[in-house]
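**Q** Each chain, letter by letter, is given below.
There are 4 protein chains.
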Amino acid sequence: MAEKKKLRIGLVGTGLMGRTHANGYNRIHNFFPDLEFEPELVAVCSRNEEKVKAFAEQWNFASYETDWRKLIARDDIDAIDVCTPNDSHAEISIAAAEAGKMVLCEKPLSRTIEEGQKMVDAAEKAGVKTTVWYNYRRIPAVTLAKNIIDSGKLGKIFHYRGNFLQDWTINADLPQGGEGLWRMDANAAGSGVTGDLLAHCIDSAMWLNGGIKDVSAVTETFVKERMHQLTGKVEPVKIDDACLFHCHFENGSLGLFEATRYARGHKALKTFEINGENASIRWDLHDLNRLEFFDHADDSKLRGWRSIHVTDGDHPYIDKWWIPGCGIGWEHSFVHQVADFLKSLEDDSDCSPTFKEALQTQKVCEAIIESATERKWVDTGVDGQFV
Amino acid sequence: MAEKKKLRIGLVGTGLMGRTHANGYNRIHNFFPDLEFEPELVAVCSRNEEKVKAFAEQWNFASYETDWRKLIARDDIDAIDVCTPNDSHAEISIAAAEAGKMVLCEKPLSRTIEEGQKMVDAAEKAGVKTTVWYNYRRIPAVTLAKNIIDSGKLGKIFHYRGNFLQDWTINADLPQGGEGLWRMDANAAGSGVTGDLLAHCIDSAMWLNGGIKDVSAVTETFVKERMHQLTGKVEPVKIDDACLFHCHFENGSLGLFEATRYARGHKALKTFEINGENASIRWDLHDLNRLEFFDHADDSKLRGWRSIHVTDGDHPYIDKWWIPGCGIGWEHSFVHQVADFLKSLEDDSDCSPTFKEALQTQKVCEAIIESATERKWVDTGVDGQFV
Amino acid sequence: MAEKKKLRIGLVGTGLMGRTHANGYNRIHNFFPDLEFEPELVAVCSRNEEKVKAFAEQWNFASYETDWRKLIARDDIDAIDVCTPNDSHAEISIAAAEAGKMVLCEKPLSRTIEEGQKMVDAAEKAGVKTTVWYNYRRIPAVTLAKNIIDSGKLGKIFHYRGNFLQDWTINADLPQGGEGLWRMDANAAGSGVTGDLLAHCIDSAMWLNGGIKDVSAVTETFVKERMHQLTGKVEPVKIDDACLFHCHFENGSLGLFEATRYARGHKALKTFEINGENASIRWDLHDLNRLEFFDHADDSKLRGWRSIHVTDGDHPYIDKWWIPGCGIGWEHSFVHQVADFLKSLEDDSDCSPTFKEALQTQKVCEAIIESATERKWVDTGVDGQFV
Amino acid sequence: MAEKKKLRIGLVGTGLMGRTHANGYNRIHNFFPDLEFEPELVAVCSRNEEKVKAFAEQWNFASYETDWRKLIARDDIDAIDVCTPNDSHAEISIAAAEAGKMVLCEKPLSRTIEEGQKMVDAAEKAGVKTTVWYNYRRIPAVTLAKNIIDSGKLGKIFHYRGNFLQDWTINADLPQGGEGLWRMDANAAGSGVTGDLLAHCIDSAMWLNGGIKDVSAVTETFVKERMHQLTGKVEPVKIDDACLFHCHFENGSLGLFEATRYARGHKALKTFEINGENASIRWDLHDLNRLEFFDHADDSKLRGWRSIHVTDGDHPYIDKWWIPGCGIGWEHSFVHQVADFLKSLEDDSDCSPTFKEALQTQKVCEAIIESATERKWVDTGVDGQFV
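Chains as they are written, first to last, in this note's numbering: chain A, 3 to 389; chain B, 3 to 389; chain C, 3 to 389; chain D, 3 to 389.
Just so you know, these hints were derived from the structure itself, not from any lab. Any given hint might turn out to be false.
In this list, chains with the same sequence are indistinguishable; a pair is considered to hold if it fits within one copy or across any two.
[Said to hold, decoys possible] In silico EDC-like links for lysine to aspartate or glutamate, alpha-carbon gap of 16 Å or less: (1) K235 - D300; (2) K158 - E222; (3) K303 - D314; (4) K269 - E279; (5) K7 - E38; (6) K215 - E93; (7) K158 - E279; (8) K303 - D152; (9) K6 - E40; (10) K148 - D316; (11) K55 - E5; (12) K378 - D216; (13) K269 - D316; (14) K322 - E333; (15) K378 - D314.
Keep in mind that this is a model prediction, so the values were computed, not measured.
With these hints in hand, go ahead and build the complete structure from the sequences.
**A** This is the structure in structure tokens:
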């Protein structure tokens with residue numbers, strides 16, 4: 003076997019997303035043996051030395067750092083993977099780009115358009131490769147949905163719906179902020195469910211159905227005050243606990259979106275449905291190996307929603323895994339993103355979404371927050387292609 | 003509107019099945035206005051005068067009797083509908099046939115082949131029209147299944163499965179026998195779940211998949227003794243609480259069947275599934291308006307079980323009812339059987355299953371009981387066509 | 003059996019809703035024998051004599067009229083049932099009330115608040131009993147949902163969602179207006195999916211979750227021109243083909259609603275879901291005998307959405323029908339509404355929703371249209387109790 | 003971090019099961035950092051040098067062998083993992099045990115009881131630790147089912163059902179035997195679906211519901227002749243394409259089982275359902291993260307099958323993985339088996355099923371084949387505890 007080219011990785015952040023990315027890198031050698039490149043896990047970085055050391059050991063990183071600036075300064079690293087809370091995405095990514103590193107940034111790109119634009123600019127100026135981990139694109143059933151849509155089977159599109167429903171913050175005694183709970187702190191997260199959950203829905207939506215032109219949104223904060231873990235004080239909650247919006251897509255279809263952490267009974271119900279003139283598609287994360295598909299071209303008496311178990315060898319990514327009927331998991335979407343990033347090095351292509359594309363999602367998020375605050379329709383300013 | 007021809011009905015039995023049949027007759031005028039015939043509810047019969055009088059009033063019968071022999075003797079009646087417990091099916095049906103009446107008998111035809119054969123013989127000798135109320139054939143989704151199978155879409159058949167799972171007799175304090183509970187009394191019912199539930203499954207199976215050649219069965223009586231309502235004493239339970247069997251069909255496919263009243267969580271889960279070389283079908287009573295259909299001819303990446311909501315105007319019987327998506331109920335299968343019986347008068351055709359056809363189901367039931375008792379395979383002796 | 007008191011009915015309109023109501027009246031005698039009152043079908047009215055005569059014959063009305071004014075003038079009628087297109091609801095209902103008749107009006111109450119208010123005023127002035135046929139309240143699973151909510155099991159409510167998705171107008175060659183298609187004509191219908199489909203969702207929502215305070219809506223007309231059946235000319239389509247809105251309920255929860263006739267694959271997918279602090283509920287019309295229920299009080303490892311097959315004797319209305327597991331149909335909701343109206347005569351209570359309550363739904367509908375037209379939030383002005 | 007103790011592995015066989023086991027070993031370091039032991043992948047063995055070398059490289063084995071006898075002879079190996087076709091399980095396992103190695107053998111244990119008994123004897127004589135890869139026990143939803151059953155929640159058990167339905171051999175042009183298709187060759191496999199699929203069902207069943215006493219089975223070979231890949235000739239097919247059986251369990255419940263490769267539309271539908279006096283459970287592999295549970299103790303109006311998404315931190319194994327709602331895959335069951343084997347070293351306990359326990363499954367399989375051949379009930383001779 004020819005020696006593989008290496009993509010030397012420096013990972014910043016050891017939380018949940020650090021783990022999912024680290025697993026992604028660790029799986030490539032076993033499951034994608036035909037790629038020209040393979041990741042080399044050079045270093046991981048986090049402020050707590052004891053924890054980062056343990057993480058490096060557990061996930062097979064050769065070394066660790068406790069200061070991300072040092073990580074970026076190392077010349078044995080090709081790419082920086084940013085898995086920190088949202089408030090440091092911009093600073094780290096920009097510094098990494100300026101240091102000539104490729105940047106793989108966890109979603110959302112940034113807290114604001116302004117931050118995101120700077121990230122795009124820095125990457126373009128430096129000419130470095132970027133990607134943002136909107137991992138759901140790479141669940142096989144979702145990729146299959148994209149392929150069906152791209153084939154033109156749906157005809158003119160009328161409706162798109164996207165939800166992301168959770169219930170983990172209903173308990174009013176749950177604190178906000180600090181380790182494990184920075185998503186509850188507006189300073190660290192930028193927003194609540196909008197940046198955390200809706201960003202995923204919007205990325206999926208624009209990838210599958212094109213640009214969102216304008217939005218009309220409403221947000222709500224159901225629990226108004228929570229203990230802050232960092233201050234020890236009860237403080238106002240500034241994130242949005244729930245956000246709903248409707249919109250127009252460039253292609254003339256109507257969109258309807260909802261995200262919340264107060265939907266009792268739903269753990270992580272990310273869903274989408276798209277209704278076209280000739281066919282419709284729907285999917286949900288709780289049954290991630292299935293895609294539902296309705297084809298109006300079927301014999302009229304025998305039409306029905308098909309439940310496609312997306313586990314056959316001719317389904318996207320599945321040839322790398324097991325046998326028909328034996329489903330894969332959520333984690334595999336991150337493995338696929340690593341594989342696709344490596345392939346894009348081989349092909350000298352983009353590993354979508356790049357920073358530039360992910361900035362479009364940021365525009366929609368910011369328009370949503372403005373719309374909810376101002377109680378009015380807001381144009382998103384989204385432009386560009388979605389691939 | 004031309005005057006309708008009348009089918010003058012005398013109904014025997016006012017239990018659950020009396021009600022479902024009575025409702026069937028009562029609905030024809032509203033929903034099947036194009037039939038040449040319509041039922042005229044001349045008389046209903048039951049031993050308890052107070053009850054039968056109330057039943058006649060409630061269900062629009064013009065008169066009542068308390069002795070079925072008197073009912074049969076009336077010359078203003080064309081057809082006798084037998085809804086009594088199983089132990090009187092033969093006696094009443096034979097007497098009715100001998101009196102020149104058509105006979106519509108609730109399933110199962112009889113307790114034994116011997117009884118059933120006498121019923122067939124009596125009807126043939128008298129030259130009277132018969133039908134047995136295997137109502138599930140006439141649920142639109144089930145009829146659609148039959149149509150699909152008859153179209154040849156499935157190719158060679160490999161497997162057939164039929165279940166009927168209930169849980170209403172688990173409580174050991176439930177008595178046996180007497181009003182409302184004669185199904186628990188072997189004398190009245192002939193058998194337990196075999197005649198009550200499996201008979202339905204077998205009728206569906208042979209209608210959909212042809213004759214059953216041989217069977218290997220097992221039965222069980224989980225609760226060995228119960229208070230008998232008629233004697234007031236604790237007596238041995240002689241019915242089968244559960245019955246499982248496998249079999250060969252004439253067409254070479256394997257059959258697998260189960261019925262029980264001890265399947266906690268299932269109220270009346272009648273199901274079937276048929277697997278062919280090219281396509282498969284499944285159905286269950288708890289979602290009676292749906293038929294699931296898998297077509298291997300679909301594009302390989304887009305194959306999946308289709309959930310067909312059988313509520314469109316081009317689906318069987320549905321043109322008589324409402325609008326797409328607005329499901330009908332279990333009771334409608336009895337209305338359809340009345341309508342089909344009336345149509346068969348118009349066409350001078352059979353309203354399947356006739357006594358003769360239903361006797362085939364009886365043969366399978368008796369073979370099952372023998373197989374379970376003797377712990378051996380038993381040939382059914384089934385012959386004849388299933389239409 | 004004591005002689006029943008009669009509610010003498012005059013029905014106006016012989017379309018789909020005329021049929022569902024007529025069936026409702028025809029079933030009462032069989033299934034609700036314990037009511038003090040029973041309907042007497044005195045007369046039905048429609049302009050086409052041939053058709054109305056056939057309808058009277060089919061549905062057991064003793065006579066017919068071709069002019070609704072004559073129907074109202076008859077003194078052998080107690081109650082007028084209005085099943086005409088929306089543009090005549092007000093005129094007929096008001097005339098009926100002024101003639102001292104009770105009025106049972108098909109939904110939506112009216113095309114506008116103004117019309118609806120006049121109807122309420124006329125009924126109040128005349129002191130006549132009213133009801134509006136928001137039939138979905140009386141599907142047993144939906145009534146069970148109401149009972150669960152009223153028991154307080156859900157705790158504080160966070161989210162309510164309601165959809166009504168159809169696909170029958172996608173074909174651009176479908177005409178608008180005239181018989182069978184008046185729902186496509188804004189003059190006859192008042193609006194498109196808002197009055198036709200969303201009105202049902204709003205009625206369910208306010209009954210289950212209380213008043214809607216304000217709305218932000220968007221509408222779309224996907225097919226801009228269609229042949230008009232009455233003029234024979236291609237004319238602009240003025241109805242809304244689709245309508246989406248979000249809202250605030252009085253109880254602080256967020257609402258999200260969508261109705262469309264362009265959701266390929268959905269025949270009549272009316273759904274709702276309500277998420278509370280402690281429990282959640284969801285339902286859809288395509289599986290109308292099921293209610294899904296999630297109870298956070300269940301043991302944490304064993305929590306899951308329960309699929310309740312609402313067919314047991316202790317479920318709402320089910321004691322009148324069959325046996326566990328044997329589902330009923332959409333049509334039964336209309337039978338239940340008749341039964342409840344008759345019961346309300348016996349009890350001298352309201353048969354909800356009365357005109358006054360249904361007017362609240364009209365306020366929301368009108369606010370929706372204004373919001374969509376003006377692209378802004380609109381207060382609904384809803385007040386009053388929902389029972 | 004303290005140095006881990008090593009379990010030095012030699013793997014024989016590089017087919018599908020070689021891959022799943024190899025993946026199991028490769029994942030331990032990342033996901034089970036708290037175990038005292040970790041696997042060291044010393045060598046892999048297969049006859050084709052080119053392939054085994056590539057496998058070793060892909061799956062991180064330090065070396066390779068092309069003769070399993072050499073592998074067993076190595077003194078740097080503690081445990082032999084047997085992933086070869088069934089016809090060599092006994093020979094390799096016995097030799098490994100005699101060499102003092104622990105043995106982890108892919109299921110089924112053997113082709114016959116005789117072979118299996120020798121394996122048990124050899125392992126006992128050598129005093130070596132064994133396990134058989136009945137991986138389905140370690141899917142979290144299945145383990146949760148076991149926990150519920152062990153808690154006594156179900157009460158007396160009435161029914162157990164197990165299926166394993168596939169459709170991959172319907173095509174009559176598919177050859178038999180040779181690489182990738184040894185499961186079609188009776189010499190290599192011992193039997194068809196009985197040893198391949200039913201063995202899994204039987205292992206699950208006896209683990210969940212105790213010993214199977216006697217069986218009555220039927221088998222079928224639908225395609226009678228196929229080209230043999232090794233001889234290039236059309237030869238009779240000697241495996242069972244389908245097998246159905248019913249049985250009695252020691253606890254008095256009835257069992258019903260079916261496996262086939264001719265169930266069009268089912269890729270790998272392994273299912274089980276168990277019905278107890280007080281509660282029922284069901285599961286299927288196509289939705290492997292869900293467990294359905296019905297509890298009769300729930301309020302009667304609110305009873306329903308619960309769909310438990312087994313992805314919470316307090317569910318079996320899930321604390322090692324991700325977050326609620328984000329499902330894992332089929333492959334994880336093998337990782338869990340490795341982890342449990344390592345834990346059993348730490349605890350000096352058994353990693354169930356041992357050879358001895360797996361031999362009980364072999365007894366049932368052999369009784370099934372005898373029953374099908376002789377067309378009679380056969381006692382299984384199963385004894386021993388299932389843990």
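**Q** Enumerate the violated hints, using their earlier numbering and listing them in ascending order.
**A** 1, 6 and 15
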